[in-house]
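Asker: Here is how the chains run, residue by residue.
Number of protein chains: 2
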Amino acid sequence: MTAVILTIGDEILIGQITDTNSGYIAKALDKIGIRTVEMLSIGDDRDQILDTFGYLQDKVDLVIITGGLGPTKDDITKKTICEYFNDHLVVNPDVLAHIEDMWRNLFKREISQVNRDQALVPSSSTVLFNRYGTAPGMWLQKGQTVFISLPGVPYEMKGIVEHEIIPKLVREYDRPYIVHKTILTYGVGESVIAERIEDWENNLPEFIKLAYLPAPGRVRLRLTARGKDKTIIENAIAEKVTSLSGIIGDIIVGYDDEEVLEAVVGKLLTERKQSVSTAESCTGGKIAQTLTSIPGSSQYYKGSIVSYAEEVKTEVLGVSKQTIEKHTVVSAEVAKEMAQSAQRILKTDYAIGITGNAGPTTDDTDKGVGIVFIAVATPDGVVVEEFNFGQPRDKVIDRSVNKSLEMLRQEILKR
Amino acid sequence: MTAVILTIGDEILIGQITDTNSGYIAKALDKIGIRTVEMLSIGDDRDQILDTFGYLQDKVDLVIITGGLGPTKDDITKKTICEYFNDHLVVNPDVLAHIEDMWRNLFKREISQVNRDQALVPSSSTVLFNRYGTAPGMWLQKGQTVFISLPGVPYEMKGIVEHEIIPKLVREYDRPYIVHKTILTYGVGESVIAERIEDWENNLPEFIKLAYLPAPGRVRLRLTARGKDKTIIENAIAEKVTSLSGIIGDIIVGYDDEEVLEAVVGKLLTERKQSVSTAESCTGGKIAQTLTSIPGSSQYYKGSIVSYAEEVKTEVLGVSKQTIEKHTVVSAEVAKEMAQSAQRILKTDYAIGITGNAGPTTDDTDKGVGIVFIAVATPDGVVVEEFNFGQPRDKVIDRSVNKSLEMLRQEILKR
Numbered sequence: 000m001t002a003v004i005l006t007i008g009d010e011i012l013i014g015q016i017t018d019t020n021s022g023y024i025a026k027a028l029d030k031i032g033i034r035t036v037e038m039l040s041i042g043d044d045r046d047q048i049l050d051t052f053g054y055l056q057d058k059v060d061l062v063i064i065t066g067g068l069g070p071t072k073d074d075i076t077k078k079t080i081c082e083y084f085n086d087h088l089v090v091n092p093d094v095l096a097h098i099e100d101m102w103r104n105l106f107k108r109e110i111s112q113v114n115r116d117q118a119l120v121p122s123s124s125t126v127l128f129n130r131y132g133t134a135p136g137m138w139l140q141k142g143q144t145v146f147i148s149l150p151g152v153p154y155e156m157k158g159i160v161e162h163e164i165i166p167k168l169v170r171e172y173d174r175p176y177i178v179h180k181t182i183l184t185y186g187v188g189e190s191v192i193a194e195r196i197e198d199w200e201n202n203l204p205e206f207i208k209l210a211y212l213p214a215p216g217r218v219r220l221r222l223t224a225r226g227k228d229k230t231i232i233e234n235a236i237a238e239k240v241t242s243l244s245g246i247i248g249d250i251i252v253g254y255d256d257e258e259v260l261e262a263v264v265g266k267l268l269t270e271r272k273q274s275v276s277t278a279e280s281c282t283g284g285k286i287a288q289t290l291t292s293i294p295g296s297s298q299y300y301k302g303s304i305v306s307y308a309e310e311v312k313t314e315v316l317g318v319s320k321q322t323i324e325k326h327t328v329v330s331a332e333v334a335k336e337m338a339q340s341a342q343r344i345l346k347t348d349y350a351i352g353i354t355g356n357a358g359p360t361t362d363d364t365d366k367g368v369g370i371v372f373i374a375v376a377t378p379d380g381v382v383v384e385e386f387n388f389g390q391p392r393d394k395v396i397d398r399s400v401n402k403s404l405e406m407l408r409q410e411i412l413k414r
Numbered sequence: 000m001t002a003v004i005l006t007i008g009d010e011i012l013i014g015q016i017t018d019t020n021s022g023y024i025a026k027a028l029d030k031i032g033i034r035t036v037e038m039l040s041i042g043d044d045r046d047q048i049l050d051t052f053g054y055l056q057d058k059v060d061l062v063i064i065t066g067g068l069g070p071t072k073d074d075i076t077k078k079t080i081c082e083y084f085n086d087h088l089v090v091n092p093d094v095l096a097h098i099e100d101m102w103r104n105l106f107k108r109e110i111s112q113v114n115r116d117q118a119l120v121p122s123s124s125t126v127l128f129n130r131y132g133t134a135p136g137m138w139l140q141k142g143q144t145v146f147i148s149l150p151g152v153p154y155e156m157k158g159i160v161e162h163e164i165i166p167k168l169v170r171e172y173d174r175p176y177i178v179h180k181t182i183l184t185y186g187v188g189e190s191v192i193a194e195r196i197e198d199w200e201n202n203l204p205e206f207i208k209l210a211y212l213p214a215p216g217r218v219r220l221r222l223t224a225r226g227k228d229k230t231i232i233e234n235a236i237a238e239k240v241t242s243l244s245g246i247i248g249d250i251i252v253g254y255d256d257e258e259v260l261e262a263v264v265g266k267l268l269t270e271r272k273q274s275v276s277t278a279e280s281c282t283g284g285k286i287a288q289t290l291t292s293i294p295g296s297s298q299y300y301k302g303s304i305v306s307y308a309e310e311v312k313t314e315v316l317g318v319s320k321q322t323i324e325k326h327t328v329v330s331a332e333v334a335k336e337m338a339q340s341a342q343r344i345l346k347t348d349y350a351i352g353i354t355g356n357a358g359p360t361t362d363d364t365d366k367g368v369g370i371v372f373i374a375v376a377t378p379d380g381v382v383v384e385e386f387n388f389g390q391p392r393d394k395v396i397d398r399s400v401n402k403s404l405e406m407l408r409q410e411i412l413k414r
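Chains as they are written, first to last, in numbering that gives the first Met the number 0: chain X, 0 to 414; chain Z, 0 to 414.
Some hints could be false.
Treat identical chains as interchangeable: a pair holds within one or across any two.
Stated by the list, open to error - In the DSSO-like style, the derived pairs of lysine-lysine whose C-alpha atoms are separated by at most 30 Å in a straight line are: (1) Lys239 - Lys266; (2) Lys141 - Lys266; (3) Lys167 - Lys157; (4) Lys167 - Lys30; (5) Lys320 - Lys239; (6) Lys78 - Lys58; (7) Lys366 - Lys72.
Calculated directly from the structure, the hints in this document are not laboratory data.
Working from the sequences, and respecting the hints, build out all of it.
Answerer: Laid out in structure tokens, this is it:
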């Protein structure tokens, strides 16, 4: 079963908004064995929308459309759908009641006609309930192709996909089974890995595909198999993962759900009933935010001190002024003191301390742009390393976050 | 002049990666008057790539392709391009020297043949230098259409777009002038705004388009005009912005570059030589990270205390245990003490204190999921408000960040 995901919106085509909806939908479809063959973004343009529908008609089983269902004049998706389906709009009483309800209880405002008009739907459509907003989702079919229209607001779209669309697709369609296994590696580039696993890769069966996903400081390997028999596929993938870890086990850090470092670290700390805190400068709170993105992180993450200004380092963290004068604020010595201060003040087993020049300017220090010192305070000491994360600023910050979590993981595993 | 942006990569089609490259490229093209009419994502599939090239041939002036230029077996873009152009690969000596250089100096590793092979390019292509990586960009033309192939790694792609592609397009092509003006409003929903500006919107000339971009807690309005005469267009837009602020000036917060609250706030604090700090709980450092995303924020942002655990609130921030016992940790009283503690400890003019239930669980407090208390400590006191930001967790955190910056802005403007 194949799908195309279509996003409608001029704001996407001028790069004002990053489309995160398509990825979410693709992931949800993939989980239930539906293969997205293409993603398209087009404008709020009647002709382009009609041309695109016509082009996709009967080429794929499913077209999922997001965007253009708002109450303002530039939202033309609904009437264009009506035109394509030679249909007319009718008021759906359940949707109208829901909209009036939201306006009365949540927005606490008087409702207007243009808001009531969000309850109009093509007469041939099946309405998909939008629990987090007013614009309903709509499911229609023409020939071999199902067209589903969803609001573009991410939370609203996700609610409808999760609660209405996925269950309906699972109930009504027969789908193949897909297995993915993602292997997270650290510290080695993709071409070096490729060389090490060359024979293994060449010997993969036809129905298993391997993909490399490189990112700053880490490479993920993804195995994918599709087929009718769940057991056969799962076994085949498991067997390949085992043989792979026989070859590159030294650089494998985790699998799948653990596939982000912050989850790996979270799992380790939870198991050992240990805690962590951070003292951040150039990363501006991003390590804290990354750690807290994991549900249950309050088990092991206690807090952070973001010491952006020098006086916060000395007066709040307690870093010695002499150390800064002697070594400058971007130095191994300051990183170590920051880590140990956080550990002491926030009373955690581990603490990350980080100081560096994310760039583009370097303020008053003799170290260049991209130079970062990361320290990890442990139950029995403190380690520190210097890095050159290059340019530009975003990359330095992202690599700093990843490297500090990697160092933390290594220190935990040593004990 | 029209463009289509094409991303190649199976990882996008299963939703494992969010495509941020397309938006970046679209924005860069838009700045120089080139209109992106469509964005496409397809798989690492030879047939699909060739079909797509054939479909786009002569329909648009420019096709910009990202992805699939890595050194591993799943990267097939380059040889598929060769096939489409009936071309063959040759070694580009400058690219080879650059690759060998990077391997020697940066990676400090022995280079392998598969890395050297990244210096192979179609003989008819113009090479676009990749200063941040090894895979070169390539520019080729067939019929009316220019095809540009870029690496998918964001920092590398951006470097080539900024330093090679945009200058070349500006030099070699005649482009119309595009003006956008974005107006940032706060606190009122898009349909309410639409009603207030209905006459003004109906009277916009043909060549000026209005779009609504709603987000949690704020709506951006975007005016766009395209044409040959820069002065006429700029004046027309300016005139419309002036008349618009006559109608909804009470809810307008900023324009364009200021269009994010953290930049508006940064500008105000810089002008007044004042400072801010934060004491965060449920937002986990996201307010700090948002404030520091603005270049120059070290002028006014001093630091934060992320008090994720209750003992960090009492022992590091100094929130009174009796207050927590009496009102629970998610309360107006605790938010106020957090804000005032941050203000005192970090010695800033203003401070944001925030405590709430982002969800999905509520820990031990009698307040429901989505309830958040935001306090702003000012030079002469402290204010606090209660909010219900609903569900899900991400939305509560984002709305908390936006609302706290909005409250900060309001407090600054009162004095």
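Asker: Work down the list of hints and note, for each, if the structure agrees.
Answerer: For each hint, the structure was consulted:
1. Lys239 - Lys266: within (25 Å within a copy, 55 Å between copies)
2. Lys141 - Lys266: neither (48 Å within a copy, 53 Å between copies)
3. Lys167 - Lys157: within (15 Å within a copy, 41 Å between copies)
4. Lys167 - Lys30: within (14 Å within a copy, 43 Å between copies)
5. Lys320 - Lys239: neither (55 Å within a copy, 55 Å between copies)
6. Lys78 - Lys58: both (23 Å within a copy, 27 Å between copies)
7. Lys366 - Lys72: Intra 54 Å, inter 39 Å, cutoff 30 Å: neither.
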